[in-house]
Amino acid sequence: MKIRILKVVSVLTIVALGLSVSGCSGEQKAAGSASGSASAATSGASLKAEEGATINFTYWEGSPSDKKAWDLVLGNFKKDHPEITLKTQTYPSTTYPSQLDTMIAGNNWPDVMRYTYQRLGKFKESDVLLDLTDMISKESVDDLLPAYKAALTSDGKLVGMPHHTDTIALYYNKEMFKKSGIRIPKDASDGWTWDELKQYAKKLKEDNHLDYAFGGIWEKGSGYRYLPFVYMNGGALLSDDGKQVTVDSPKALAAFKLYEDLRKGNLISKTAFTQEPQNNMMFVAKKLAFVFAGSWHLSYMQQNMPDNWGVTYMPQVDGKTTSDMGGNALVAYKGTKYPQAAAIFIDYITNKSNMKAFCEAGNFLPVRQSLIKEGLNYSSYKDEMKVFSNIIATVDSKMASDETSNKFQQLNVILSEKMDPLVVNGSATAEQTVEVMKKEMQAALSN
Amino acid sequence: MKDIAGTKKFLNTKKKSTIRVLISYLFIICITVVFLFPFYWMFATAVKPTSEIFAYPPSWVPSQFHFENFLSTLQETDFGTYFKNSTIVTFFATLITVFINLLAGYAFAKFHFKGKEFFFMIVLSTLMIPIQVTMIPNYLIISRLHLLNNYIGLIFPPCAEAFGLFLSRQFMSELPNELIEAARIDGTTEFGIFRKIILPNTKSLVSVLIIFTVMWRWNDFQWPLIILSDSKMYTVQIGLSMLNGSQYINWNMLMSASLIAILPVLVVFLIFQKQFVQGIASSGIKG
Amino acid sequence: MSNTKAVKKKGVWKHFWNNIKYVPYLYILPNMVLFLVFMIIPLIMSAYYSLTKWGGMGKPKFIGIQNYITLFQDDVFLISLWNTLKFTLLTVPLLMALALFFAIFLNQNMKLRGFFRSAIYVPAVVSMVAAGMVFLWMFNPQIGLINYIIKSLGGVPIDWLNDPHYALTMIVISTLWSRTGYNMVIYIAGLQGISPDYYEAATIDGANRFQQFRYITMPLLRSSHVFILITCVIYSFRSFDLIYVMTKGGPLNSTKTLVVYIYNMAFEKNQYGLSSAAGVVLFLILLIFTLIRIKAQKEA
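Those sequence lines, one after another, are chains A, B and C. Quick note, the first sequence lines up with residues 10 to 456 if you use our numbering. Quick note, the second sequence lines up with residues 20 to 306 if you use our numbering. Quick note, the third sequence lines up with residues 7 to 306 if you use our numbering.
Here chain A stands alone, though its shape is the one from the complex:
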């Protein structure tokens, strides 16, 4: 009996091992042949799709306006490029990263993916992205905002196209601000100082009998959305060469001390950075006087607290202000069977007219300099989008490059997790927090 069991188990083990090991060998589809023919084409416009090309495109719909925008541009593509069969796969926005990860672990890569800038690092590091240099029209590449172009460059190669961006602004409760006589900044350089932030938060909390004065959408593991406070103060997460963690420098530490002070005064909500999001909900429930939220929340605010909210500029330190570098890019898998078709697809979606249409339909911000200069014609929330457009111009380029570095997603996870003791119950001081962060982030960098 025992020997039999041993035999059976060893057979099973061999089978299982065989499956695991073979399942992990990456597809060695040589994209080399593709780049060979691509170099003959000087601009993406003269690319031709492969015979019978089918593109699997994965993305998510983060809101009704997001869905509208995608339906529009994907419809356009199908019309203009009937020679390419487009298969789309949408996932729930909250589980997109884990579902994509599962697909990838199973070696089931889509051809083209939509992904957040901050999460691209691990793909860049593993060199699994299709080299799109010389496959995208020159005009498009040159028109990109430098920070975003840099985000999609790895080892000098263009590995994707930024598609759109969005950012964070200060949403305020009109009634409460009026009641407390709080000043609303008039432009990006007019933002509150940190002292004003503390002062106004205190006043709003007292006048309106609130538990907390404000919060931000850095919950649910999006701790990097708090980083603008670090960078506007002149601090940075990484050194210039990207090899040292500088989250404990005095300038960076100050941003965490700010958070600590706010929490001590019960001015900022205690929702952990790793928790389910609460702050937007508390804002429209009138339990917060203001919230740092994104341009994609406009319709949510209007739906739930109609006509009682406004949008204004981020705080600043000595004239320097910045905000979140949000938005997503389109990247292609290096081992795709149809590299030309993938490039054509990406080029098409990110060309000037489609980018414009997408952003206008979804209330997003473009990443092309020409479009920013011309200004977009939003069908709704025109004034608010103007504020967001002005804010996006202030996105700090060092922050952008740090956030799109290879290890950033791991650094973000550490940041979000280590902030929690400071945020939830002050069981760690700001100094202790940055010390722990530095240690773990440094370890992650050298891994």
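The reader is advised that the hints may include incorrect statements.
35 Å max Cα-Cα, derived DSBU-like pairs, lysine-lysine [what the hints assert, rightly or not]:
1) A:K407 with A:K329
2) C:K27 with B:K129
3) A:K447 with A:K273
4) C:K301 with B:K133
Derived by calculation from the structure, the hints in this document are not laboratory data.
Mind docking chains B and C on chain A? Use the hints.
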């Protein structure tokens, strides 16, 4: 003497009885309200005007009843498709589960065969394997079999669960051996025995298996999430999770969708509930 | 000639199908195939991954038992073990006590008894995802119903979501709502199996209700107790959806059980090797528990 004492006791108990009965009913009604309240709250949140959802103090009764929220949820999402998929999966999964567990339960209960204990150990061990552990490997396996986004991939893998087998074996072991032996002596085929003697006596077991399986497969969220990427194949629970936006929740939609999602299982339960309790009682799971 | 062949073929099949030696193997075959392919092999694959370092992309790198060492040095892992234990110790006795109480209470003859039983059971019908969302909503510290009721009764509202001391309580309460009915039904079945003669004899002997409960009901429900105990413990070790939807294991890891840790390690930190190792540890814990139970039953 015993009689007088008895009558005295009887009279006393009668008095206590009315108050006691009233209190009992009051108590159980309160408990029932507590248990059923979340359902009411889901309903109230689904039909409330959006602006009232965040009102504080909370409004116990909606000021307006927006029943059209249910309709708009169905229209704005692809719930029709999700329902179809969930129904197909649940139906066939239940069929398969009942069938294979009846067979296997019978085998484990009524036969002696070499390796019986070994096989049963395998069954037992599967109870201890959490899905998070088998998620990625299962994905890999299904992917290699090219069964992703496929009804077969959706239906079969979760059928590997031990609970149904335990129930079935327990139940079958209570069936009298004499009938089986007699039939064998009569020359009935093995399958004939199964068909004519065992099956007719398993009505309550079958109801229990049906209810458990329907409930569990209809509500299954993890497995479809892992293997489905084609939105046309999404089940109801995945559809539900799509209503959670990034950093915001549309409560009207979410609650109305949740209620719609509960409905089929609720109906199955209400229909089968008598047999269900009966089934558990006679399946002998009391031990 | 073909006739004999056909008869032979049919004969062979019949030989298997109706031979008492082979029949049990055939009957358990479907189940065994499923278990093998979708449980055992994945478990072994997982055990393999637990010996590697793998980020999901590229090839896993073999590193031996390093993961296991890392695990037991990881504070969060140890906290998860402790939380799993805490959660089990809190929910299981409460679930059993409540279920037993309601089973006995609703075993008496009262009107609408079936309705009351169904009301307590019906929460089992709701998916954990939906249940989690409703309770998340009701437990909201600032605008949720629960704190509103507490405040109205003059109490101090609790920060259910952000206070590490209370978040687990919130999960326990939600679990009790969801699972009491299911266990209650099993107790009801058990109670129905106790002959009323026992109680009659006891009453004649002068035993009061508490004594009857202690000396008749409890012992005769022994097998129900065991069954429910086992199911509840295994369930609480595997309970994932509710916790994930409501707290994701937070705040400050106060609700992070082992399965949440496993999921988090794989999908949020992309460390499949560590995650698999934790999974193997969980499997071994449950295995030991089951073996102990089997031994205990054998001795009984």
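Here's how the hints hold up against the structure:
{"no.": "1", "hint": "A:K407 with A:K329", "verdict": "holds (13 Å)"}
{"no.": "2", "hint": "C:K27 with B:K129", "verdict": "holds (12 Å)"}
{"no.": "3", "hint": "A:K447 with A:K273", "verdict": "holds (23 Å)"}
{"no.": "4", "hint": "C:K301 with B:K133", "verdict": "holds (22 Å)"}
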